[in-house]
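Visitor: From first to last, the protein sequence lines are chains A and B.
Under numbering that gives the first Met the number 0, think of the first position of the first sequence as 0, with each following residue one higher.
Under numbering that gives the first Met the number 0, think of the first position of the second sequence as 0, with each following residue one higher.
Keep in mind that a hint or two might mislead.
[Unchecked claim] Calculated lysine to aspartate or glutamate pairs in the EDC-like style (CA-CA distance at most 20 Å, straight line):
hint, chain 1, residue 1, chain 2, residue 2
1, B, Lys17, B, Asp310
2, A, Lys50, A, Asp78
3, B, Lys150, A, Glu230
4, B, Lys208, A, Glu255
5, A, Lys227, B, Asp129
6, B, Lys150, A, Asp162
7, A, Lys246, B, Asp131
8, A, Lys220, A, Glu210
9, B, Lys215, B, Asp131
10, B, Lys86, B, Glu70
11, A, Lys227, B, Asp294
12, A, Lys147, B, Glu195
13, A, Lys246, B, Glu195
14, B, Lys263, B, Glu227
15, A, Lys228, B, Glu227
16, B, Lys192, A, Glu168
17, A, Lys227, B, Asp125
18, B, Lys187, A, Asp121
19, B, Lys326, B, Glu227
20, B, Lys215, A, Asp13
21, B, Lys283, A, Glu216
22, A, Lys261, B, Asp284
23, A, Lys106, A, Glu206
24, B, Lys150, A, Glu216
25, A, Lys228, B, Asp129
26, A, Lys153, A, Glu210
27, A, Lys106, A, Asp85
28, A, Lys246, B, Asp284
29, B, Lys263, A, Asp162
30, B, Lys192, A, Glu255
31, A, Lys246, B, Glu70
32, B, Lys196, A, Asp162
33, B, Lys323, B, Glu313
34, B, Lys283, A, Glu215
Simulated from the structure, these hints should not be mistaken for lab results.
Quick caveat, the model's predicted, so the values are computed rather than measured.
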Amino acid sequence: MKIVVLVKQVPDMDTVKFDREKGVIDRASAGVEVNPFDLNALEVGVQLKDKLGAEVYVLSMGPPRAAETLKDAISRGADAGYLLTDRLFGGADCKATSKTLVAGIKKIGNVDLVIAGLQTVDGDTGQVGGEIAQYLGVPGICSVSEIKDATEEKITVVTDLWDGLYVKEVQYPCLLSVTKDVNIPRLPSFKDKIRARKAEITSWTYEDISEFVTSEEIGIKGSPTIVKKIEVPHLHKREGQQFRDDKAGAVFAFTEALANQKVF
Amino acid sequence: MIKDYSGVMVYAEQKNGKVHPVTYELLNKGGELAKTLGVPLMVVVPGPKGMNLKDLIYHGADKVYHVSSDELFNMPEECVFAENINKLIQEVKPEICLFGATTFGRSLAPRIAAAQGCGMTADCTDLQIDSDGLLIQIRPAFSENIFAHIKSRTQPQMSTVRYKEFDPSIRDESRSGEIIEIEGVALKNPQVKVLEKLITDDFDITGYKVIVSGGKGLKNPDDMRLIEELANELGGAVGASRAIVDEGYATKPHQVGYSGNRVKPDLYIAAGISGAPQHLAGMKDAGIIVAINSDPSAPIFNIADIGIVGDLYEVIPYLIQSAKEAKIKKLG
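The whole structure should be built from the sequences, with the hints applied where relevant.
Guide: Structure, rendered in structure tokens:
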């Protein structure tokens, strides 16, 4: 059984800075990490490998340095990493990203299960998983919060949809996109980290996947949506009163807030 | 110029024949867009037969396409919904398609966008018509730190729109419109079986006007009672940070934050929550924010209207007391 887990290298959201004047993201201001949701996706893959003896491949699209992210994934249990990296892939929106990743999945070949995180913390769209499922022509099960059972033929999952939990059974090939509730990702051991550092990451350019996607479908050319403008909003202006050792002041402000907001 | 694609189409999410409230918000915004463009406002609702669809017309729809079946649309199985909606979009060719960014909408919309081969903008918080008649889709990205203005070069222009971003449209029983009945079609080779719905409490924190949330400042799970007492006194709901949900103090439906629920109550009280960006992303748009924390440099104070530096075990009891007094004064 072959599993592909999709991963993305993202800036560390706790430290990344935004330039309000220029409306740009200062990517140099923060380190990079594996998109946190993808760690849950990877953990699902690795647990299936433990249970069913599957091979787990991690696939990413990004600049050459994203190879580090794939090595990180290998230290957490993936067998091999593939990086789609080419200037031609740059500026891709959800559609072009999906088409490129689909070509990568086809290049890996005979994939039974694709697993994605619910969303990335930078692009924040949560759309790529669903689009990939459609372009691959396989069922996509979104918002998976629990894996109930898995065999070589099918997988049974709980999905968090319609304000409720629904149990779904699906045959391979299929795609799952998982929430953070699905598991607690393992931490790599020191030994695993050493092993992963030596792992070879396979890099593919457009040429390498061109039998599965046209040059019109990738990068900026293949992106129907265009970002016209970026705004860095000011945080809501708040009154910001602070009360310290001032119970009477705090009570007065609180009572006033109750009245202003018509709580009673 | 004759446009190939015309009209604004709203997807109405239903469960057991009941329409999700985000639909009425989409009818409000979609109605504005349709008016600006001078085109009809349409609704597609895949659902059981015999639904009350007049309400959609009273809320602004000019045409309601009811794709009906008593069997196909009882469970959230995206593939069958996508197939039926795709067929209709191909026939009707709307220039704009709007979906609520519910968990189901966010799962359904990309499948339809990919099937149509069009662009897709997720989680919009505002929509406008540009001078060239195309849609400007405004959405947060980078965990809500920036807002991007996005336009699409393909038709239909598709967006998912966040719940509670717009007011619902006003209901007007004098409005008239057309209801078009279409028979739903099953998939030829269904690969997904929805086996059952698990029993869960139907608690929905996003519906409350007051929310009192606890965080890591609470020392043990029993202390949630303190949070509950204040919430009850204010007629509000109990919320929780991710940290204490992970530790079992509260269940997932109570979680506020980036990976939990986004809430927009009139009053939000954060007790013992330091204010990590992930939590702020879920509550920063609240009307008034009251923060209680023993650390005066906690980031939660940066976005609070009223910051109370102190031990929540001392502060909450006196807030409960003042809430009681305020209630007596108001209600007698």
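Visitor: Does each hint fit the structure? Answer for all of them.
Guide: Each hint tested on the structure:
no.: 1; hint: B:Lys17 <-> B:Asp310; in the structure: violated (45 Å)
no.: 2; hint: A:Lys50 <-> A:Asp78; in the structure: holds (15 Å)
no.: 3; hint: B:Lys150 <-> A:Glu230; in the structure: holds (15 Å)
no.: 4; hint: B:Lys208 <-> A:Glu255; in the structure: holds (16 Å)
no.: 5; hint: A:Lys227 <-> B:Asp129; in the structure: holds (11 Å)
no.: 6; hint: B:Lys150 <-> A:Asp162; in the structure: violated (31 Å)
no.: 7; hint: A:Lys246 <-> B:Asp131; in the structure: violated (57 Å)
no.: 8; hint: A:Lys220 <-> A:Glu210; in the structure: holds (18 Å)
no.: 9; hint: B:Lys215 <-> B:Asp131; in the structure: violated (51 Å)
no.: 10; hint: B:Lys86 <-> B:Glu70; in the structure: holds (18 Å)
no.: 11; hint: A:Lys227 <-> B:Asp294; in the structure: violated (41 Å)
no.: 12; hint: A:Lys147 <-> B:Glu195; in the structure: holds (13 Å)
no.: 13; hint: A:Lys246 <-> B:Glu195; in the structure: violated (52 Å)
no.: 14; hint: B:Lys263 <-> B:Glu227; in the structure: holds (19 Å)
no.: 15; hint: A:Lys228 <-> B:Glu227; in the structure: violated (44 Å)
no.: 16; hint: B:Lys192 <-> A:Glu168; in the structure: holds (5 Å)
no.: 17; hint: A:Lys227 <-> B:Asp125; in the structure: holds (14 Å)
no.: 18; hint: B:Lys187 <-> A:Asp121; in the structure: violated (38 Å)
no.: 19; hint: B:Lys326 <-> B:Glu227; in the structure: holds (17 Å)
no.: 20; hint: B:Lys215 <-> A:Asp13; in the structure: holds (18 Å)
no.: 21; hint: B:Lys283 <-> A:Glu216; in the structure: violated (38 Å)
no.: 22; hint: A:Lys261 <-> B:Asp284; in the structure: holds (18 Å)
no.: 23; hint: A:Lys106 <-> A:Glu206; in the structure: holds (12 Å)
no.: 24; hint: B:Lys150 <-> A:Glu216; in the structure: holds (18 Å)
no.: 25; hint: A:Lys228 <-> B:Asp129; in the structure: holds (13 Å)
no.: 26; hint: A:Lys153 <-> A:Glu210; in the structure: violated (29 Å)
no.: 27; hint: A:Lys106 <-> A:Asp85; in the structure: holds (16 Å)
no.: 28; hint: A:Lys246 <-> B:Asp284; in the structure: violated (26 Å)
no.: 29; hint: B:Lys263 <-> A:Asp162; in the structure: holds (18 Å)
no.: 30; hint: B:Lys192 <-> A:Glu255; in the structure: violated (54 Å)
no.: 31; hint: A:Lys246 <-> B:Glu70; in the structure: violated (60 Å)
no.: 32; hint: B:Lys196 <-> A:Asp162; in the structure: holds (11 Å)
no.: 33; hint: B:Lys323 <-> B:Glu313; in the structure: holds (16 Å)
no.: 34; hint: B:Lys283 <-> A:Glu215; in the structure: violated (41 Å)
Violated hints, in rising order: 1, 6, 7, 9, 11, 13, 15, 18, 21, 26, 28, 30, 31 and 34; the structure is consistent with all others.
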